[in-house]
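Under our numbering, the residues of the sequence shown are numbered 18 to 383, in order.
None of the hints are false.
Label-pair distances were calculated between CB atoms; the ranges are:
no. : residue 1 : residue 2 : range
1   : Gln97     : Lys256    : 32 to 40 Å
2   : Asp58     : Leu223    : 29 to 37 Å
3   : Asp346    : Lys199    : 38 to 46 Å
4   : Glu312    : Gln366    : 12 to 20 Å
Computed cross-link-like contacts, BS3-like style, restricted to lysine-lysine with a CA-CA straight-line distance of at most 30 Å:
no. : residue 1 : residue 2
5   : Lys318    : Lys291
6   : Lys343    : Lys217
7   : Lys373    : Lys291
8   : Lys121    : Lys59
9   : Lys91     : Lys153
10  : Lys221    : Lys121
11  : Lys192    : Lys221
12  : Lys291    : Lys217
13  : Lys199    : Lys231
If you are wondering where the hints come from, they were derived from the structure by calculation, not from laboratory data. Built from N, CA and C at the ideal position, the CB exists for glycine as well.
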Amino acid sequence: MNRIFLAVTAATMLLCSCGQVPAGDAEGRWSEEKAAGWYADKPWPVGFNYVAATAINQFEMWQEETFDPATMDKEMGMAQGLGFNTVRIFLHDIVWEADPEGFKSRVDRFLGIAEAHGLKTIVTFFTNGGRFENPKLGPQPPTVQGVHNSQWIQSPGAPSVNDSTTWPRLERYVKDVITEFKDDDRVLYWCLYNEPENFKQGAKSLPLLRAVFKWAREVNPSQPLSSPIWICPGRHGTKTNYPILSFLGENCDIMTFHCYYEADEMEEFISIMKQFGRPMICQEYMGRPRSTFEEIMPILKREKVGAVSWGLTAGKCNFHLQWGSKAGDPEPEVWFHDIFRLDGTPYSQEEVDFIKSMTAGINVAE
Numbered sequence: 018m019n020r021i022f023l024a025v026t027a028a029t030m031l032l033c034s035c036g037q038v039p040a041g042d043a044e045g046r047w048s049e050e051k052a053a054g055w056y057a058d059k060p061w062p063v064g065f066n067y068v069a070a071t072a073i074n075q076f077e078m079w080q081e082e083t084f085d086p087a088t089m090d091k092e093m094g095m096a097q098g099l100g101f102n103t104v105r106i107f108l109h110d111i112v113w114e115a116d117p118e119g120f121k122s123r124v125d126r127f128l129g130i131a132e133a134h135g136l137k138t139i140v141t142f143f144t145n146g147g148r149f150e151n152p153k154l155g156p157q158p159p160t161v162q163g164v165h166n167s168q169w170i171q172s173p174g175a176p177s178v179n180d181s182t183t184w185p186r187l188e189r190y191v192k193d194v195i196t197e198f199k200d201d202d203r204v205l206y207w208c209l210y211n212e213p214e215n216f217k218q219g220a221k222s223l224p225l226l227r228a229v230f231k232w233a234r235e236v237n238p239s240q241p242l243s244s245p246i247w248i249c250p251g252r253h254g255t256k257t258n259y260p261i262l263s264f265l266g267e268n269c270d271i272m273t274f275h276c277y278y279e280a281d282e283m284e285e286f287i288s289i290m291k292q293f294g295r296p297m298i299c300q301e302y303m304g305r306p307r308s309t310f311e312e313i314m315p316i317l318k319r320e321k322v323g324a325v326s327w328g329l330t331a332g333k334c335n336f337h338l339q340w341g342s343k344a345g346d347p348e349p350e351v352w353f354h355d356i357f358r359l360d361g362t363p364y365s366q367e368e369v370d371f372i373k374s375m376t377a378g379i380n381v382a383e
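Between the sequences and the hints, there should be enough to build the whole structure, so can you do that?
Now the structure itself:
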């Protein structure tokens, strides 16, 4: 209880920390009333983070020669069968730069596929997760067997994040894509920057985070803007970055967060997020055995918090392997992420039945 008290106190302090955010940064932010009305008008958002089973990373997902609408259609149908109504995707600035019109056309096609299966899409631009070692378009490195997500690519990558002279290209990218889909109701909301608190690869994110919110506000889309809080404030030592949390608390239209931990931490995280007075979506959770559908989904549904788990099919990204897996490791008895095998059979029929019991009766998005 002391931990919960301290965490909630920290969150409250964040709400009062207006002095850390330059005047004008929150200009155009949705009111609490507008955000609440937007959320009240929708079914419980429940779904998954998605990379096609045939894609090793964002490049293979979106470049023309490896874009795979047939697999996407099949997998969106599998998600629809679970009762999911939400899918989250990750774009990449380098693929856009090579072919802006073709890139947007492929995103549009994906949105149409998802809509045909009753799913709204969360669109993510930048991410600090993964690697950035001179990535190149075209054929991608093969899957490293036994390694979780071995070829994921940062966007735009720490060198660009930390060099503002490279940002005009990023501004064109963000504004071009949002402008294309700013009034498209197939887009649920814009996740502008994934895990800005994640400094593992050296990206110092706050200046770019400020900039991308400014660019998106200038386009003024009809959908809300957000960026997630990475870890429960105060829970994991010095990992919490309070200046970034302060910015997010004062600039997000809706509040999003990630939690791959046990039920008690999810409960604590939600109690903190409530202090912001805005709709909440947990846009990453479910990493067995620590975070499971059976333990976490009922909490999110009870609290009316959007539930977006990680992974669908155990494909080239090896999301079903544990984070700490090593090259050559065999498939674990207990999967980490993902729900289905490549042939479409469930990892656990009992788990699938449970998911369906949780989604039964919700007003699935049309």
